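Protein chains: 2
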Amino acid sequence: MAQDPLVIFTPSGKRGRVPAGTPVLSAARQLGVDLDSVCGGRGICSKCQITPSYGDFPKHGVTVREDALTEWNAVEARYDRVRGLKKGRRLGCQATIQADVVIDVPPESQVHRQVVRKEATVRDIVMDAATRLYYVEVAEPDMHEPSGDFERLAAALEEQWNIKDIQADLTLLAKLQKALRKGDWKVTVAVFADHHGGPSRITEIWPGLHEGGLFGLAIDLGSTTIAAHLCDLDTGAVIASAGVMNPQIRFGEDLMSRVSYVMMNPGGEVEMTAAVREALNTLATEIAGEGKIDPALIVETVIVCNPVMHHLLLGLDPVELGQAPFALTSSSSLTLPSRELELHAINPRAQTYILPCIAGHVGADCAAVALSEEPEKSKDLVLIVDVGTNAELLLGNTERVLACSSPTGPAFEGAQISSGQRAAPGAIERIRIDPVTKEPRFRVIGCDLWSDEDGFDAATAQTGISGICGSGIIEAVAEMRMAGLLDASGLIGSAAQTGTERCFAEGRTHSYLIHDATAEGGPRITVTVGDIRAIQLAKAALYAGARLLMDEMGAETVDRVVLAGAFGAHISPKHAMVLGMIPDVPLDKVVTAGNAAGTGARIALCNRAARARIETQVREITKVETAIAPRFQEHFVAASAIPHASDPFPNLATAVTLPGVSFNMGGDGEGGGRRRRRRA
Amino acid sequence: MAQDPLVIFTPSGKRGRVPAGTPVLSAARQLGVDLDSVCGGRGICSKCQITPSYGDFPKHGVTVREDALTEWNAVEARYDRVRGLKKGRRLGCQATIQADVVIDVPPESQVHRQVVRKEATVRDIVMDAATRLYYVEVAEPDMHEPSGDFERLAAALEEQWNIKDIQADLTLLAKLQKALRKGDWKVTVAVFADHHGGPSRITEIWPGLHEGGLFGLAIDLGSTTIAAHLCDLDTGAVIASAGVMNPQIRFGEDLMSRVSYVMMNPGGEVEMTAAVREALNTLATEIAGEGKIDPALIVETVIVCNPVMHHLLLGLDPVELGQAPFALTSSSSLTLPSRELELHAINPRAQTYILPCIAGHVGADCAAVALSEEPEKSKDLVLIVDVGTNAELLLGNTERVLACSSPTGPAFEGAQISSGQRAAPGAIERIRIDPVTKEPRFRVIGCDLWSDEDGFDAATAQTGISGICGSGIIEAVAEMRMAGLLDASGLIGSAAQTGTERCFAEGRTHSYLIHDATAEGGPRITVTVGDIRAIQLAKAALYAGARLLMDEMGAETVDRVVLAGAFGAHISPKHAMVLGMIPDVPLDKVVTAGNAAGTGARIALCNRAARARIETQVREITKVETAIAPRFQEHFVAASAIPHASDPFPNLATAVTLPGVSFNMGGDGEGGGRRRRRRA
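Protein sequence lines, in the order shown, are assigned to chains U and Y. Numbering follows full-length UniProt numbering, with no gaps: position 433 of the first sequence is 433. Numbering follows full-length UniProt numbering, with no gaps: position 209 of the second sequence is 209.
Derived list of chain U stretches under chain Y, where covered just means 3 residues or more per stretch with a C-beta under 8 Å from a C-beta of chain Y:
id: 1; region: 144–151
id: 2; region: 313–322
id: 3; region: 357–363
Only some residues are given here: those of chain U computed to face chain Y with a beta carbon under 8 Å:
id: 4; residue: LEU170
id: 5; residue: ALA174
id: 6; residue: LEU176
Anything over 10 Å on all C-beta distances counts as not near chain U; from chain Y, calculated:
id: 7; residue: GLN30
id: 8; residue: LYS182
id: 9; residue: SER260
id: 10; residue: LYS379
id: 11; residue: ARG400
id: 12; residue: ASP448
id: 13; residue: MET482
id: 14; residue: GLY530
id: 15; residue: THR557
id: 16; residue: ALA569
id: 17; residue: ARG631
id: 18; residue: ASP647
id: 19; residue: PRO648
id: 20; residue: PRO659
Note that these hints are calculated values from the structure, not bench results. Only a predicted model underlies this, so the values are computations on that prediction, with no experimental measurement involved. For each residue, glycine too, the CB sits at the ideal point set by N, CA and C.
My request is simple: use the sequences and hints to build the entire structure.
So, in structure tokens, the structure goes:
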């Protein structure tokens, strides 16, 4: 008796013998090969396309004859006529196996296909969205065996897809009878299955086969901006991206001022909650428009945010987060109907997943950074810094991961800086100071030219040169330090000390003039000693936080640094290290990760298992509270010097030689320190 | 070595030895004795009160010494001082066992206490509400081990009450932090645990010990009226009862006219849904006011209703229920947040349970009747008739239960009757006709006197005598049949044939005058042949339904009949049987069950296991669809005669002798039949 045909699937390499006449889709299911199907093998969804290979395969030990699969049948022929089947492709549910065969499953036919996550890196997300489509044929009602339409749909899902105990909202039930009858008892349902194995839920229903896709929003809800990616839940592709300002800014620029607003105006959280929810709806509508999809096809959202935004989004009073012991109302992840967040712009039965918070100061955004950057998988010791109004820090390796936040304040975002402004057209974002002439050249947002290049004036005539943004002030301070205009203690030298008239006296200290736009009706853009102080406070807090984690880890140095956050993407590693924002590492070991929190949100949107993974990891992360750490103050004081009062920066020294200037004891009598000394 | 003390609990009889010094509450838990505690043994809730017995107990084989329990401690003394402890009572969590003792657990200290369900019967409900109170002490936040307040509450519930995986809505989380701090980290929570073992849910939280109780509403949502009982979820006591008219009446008097309204006005179900939900809110507010409780303490509702009301309550289009194959959108029970039904008058996190529907014409109300009347436990064959606009019938015994509905129309409710009216003050509800004089006497709603008693005129002067209600017309027709004024075919005799001027010609037929109030500006209340026809149609439908079930069961007779429904409570068994509404059984085997659907709702409210039980039973009930049964028409025609054209009524014959009159072939030429004959 002849053996059953041997079937070998690539790229998985799975192989086995199946009876002749077995459809390829059935063979794949029997052998555990990942081959997609929405219609369950009825030849209408075309998700199960495969490519048979013919000829000799010594590697597999088989020869595949031309007639290894059956000829095209009527279903395939019709599909090809109506939709077009790529050359060499077959429908896996129609072609049956007649003899030994090698079958390739192309990526788009895999449910758990890998999608490239970040252009810059090689890491991938494996698709495993919580919401999937299922096509089902439902039994018609029978007066002799009365049962509800929903119960027959549930039975069909169990029988045809092995989905048990399905649930549905009243609003879904309200659409059910019409959809079933319009689709002649054939419907497609979107089923949401959470990552904890809870009961599945039908979130949408369409008559017949739904081919319009399913979408999700990955939302990074920041204090200042709200950014979202619209993702295809089948392919993982980003269809559109958009951002809006967080309207809560009108209640307070930074988080603590919003908490104060609630303290001063009991119930104020209600207004703020309404404002941010409305902004999310606006964003969803915009992004759906940009992606040219019906917003009702958005059936999932994943939201990451800091703890205060977390509470204000959920309608929880954030006041406890503003005072020790910084108790969160709830730190766990949340899976809830989006309508509970009043996200009415998307599908009314959409589900929202909110990542867990790590601690009262370390939010779901930091958890998302951990999900994206995976410190727990790092063999060397990595410090991940998410720079924003509050900096969150993660330090770890395969052994252990620690987290803390550090109160940097808003200086890194250009706030509390004399010429500071938000990152907007006209803002200086890059700056270089010639160490010899002490002359600056710079670039502004909205123009690719440097200020000493031809055409710069014309190119910036529209926006003007209006101020200096967060990354610009960091570069400016670092460049001043490298050019010998600024000493380690943070004092700016006088014109006489520095040899440039750009250093000018202002009260009892000196400032440095970057650009005088007064002739064109613009501002004088300067860096004052006050600005230096603000940056020193911010960077010292950041560095002290990192050192506290290193203490806890028992590490004197770290192996590499990842700068995350939209702002981190614009910081030059060299300048950050000159400033002493981050511990000393080889410069090529400082990388920027872009919006890692947003990437983490995307991962959680596309992959259910990632939700379970980050929930476990957050429980395992060691939380360090800077507010009660005895050594924080000590680290902070030492870190106020530029780059540092005591820690050596040997790697920095190999790349940059910092002038050994000191303007405190200078001879011109204008230094603040000297003045106090005189009065004493 | 001396043995450990022996403790014997009554009334359970559970006994065992526990180490000396064991608190009574702990001993009860070890021995599986049902002893309540909300505070978990902290001496503050007083739910664990017990009564020790002293002296010789030969039955138990022990002698209880005076010092078998410890003396009162400070906690008991304070409790007695502040609240008062009944004589002989101890707090089970404070008194510890020192020597052999007999301890009685009074009913109010049992969680699963039995509460009398119906005054008229001896059946009980065992308390096992889905929502219970738990007092917990929650760990304070710790900056070194940051966790959310909710997570610490969840841990406390698991540790102190073994409640795992607790969940909560955002609106509960929003109250959490204030409650914990106000209660100094001690709170009482209401926990809802469904009957399927799904995750439990905190539905309310109070600082400290909550002593205000918890309540639920058992709602019977009828086509015409909505009735509710407000029940104490701890004791099962009915605190208040109330009813309102179903405001959907303005869209159609009966169910089919409401379905027609939706057919004619697409989207009309939205208006009707809004109207009934508003009525439920009004009812909840009223009943809470009557019960003098805060409506926010209503944390559960159970709703029973017919299929059309079921759909209109849930916001589902009822059109499919108006046409074969009468497909329900969903037939299963529903457990859902009450706010999804817009029940905003009660606790915002209240949970609603809706019993399963049996079939497209046989609703959750019929399921509730089954839960209340338990045909599946009946050793003899019982027919349960829930009489209303649609009659639902259950026939069964321990072997098998069948159900159907029968389209009786609204005649039994006084509609489509010439002098008919709703059951309201002034309506004739009881009537007797003297078989000799043919004179009627009657009672009207709102007055306990019969019309031939002294003071009747004065007592009814206010309301007048305005018409005849459903039970009144049934009695009137039956009395006319017994008095020889009406023949088996449904014809009323002439004055000459009957010997009373109260029978008067009206067109080609005769009518019977019950009361002429025209002198007082009131109506002439008569029974016309048209009225008789309406009653005949209704009762024939009811009887035909019962016969269809008997056919299916293979039974020629039933053993007993239960008349359910608010209307059933007012029907006299004898009159019902004279009319031939129900199969012939001994008169003492016809009992009325009052509002059995409402009782079923109360049972499901007080006892979780009853929900699981009725869900199983509904699946096991054999559904009989009268609309497609070939023999229904045959049964219907035969049942049009009064009492019946062919079925013998031997039991009725032993109680009542019906005059063998026939007015069809009468000699005076006024009978309709004769007239037709003449013209032929």
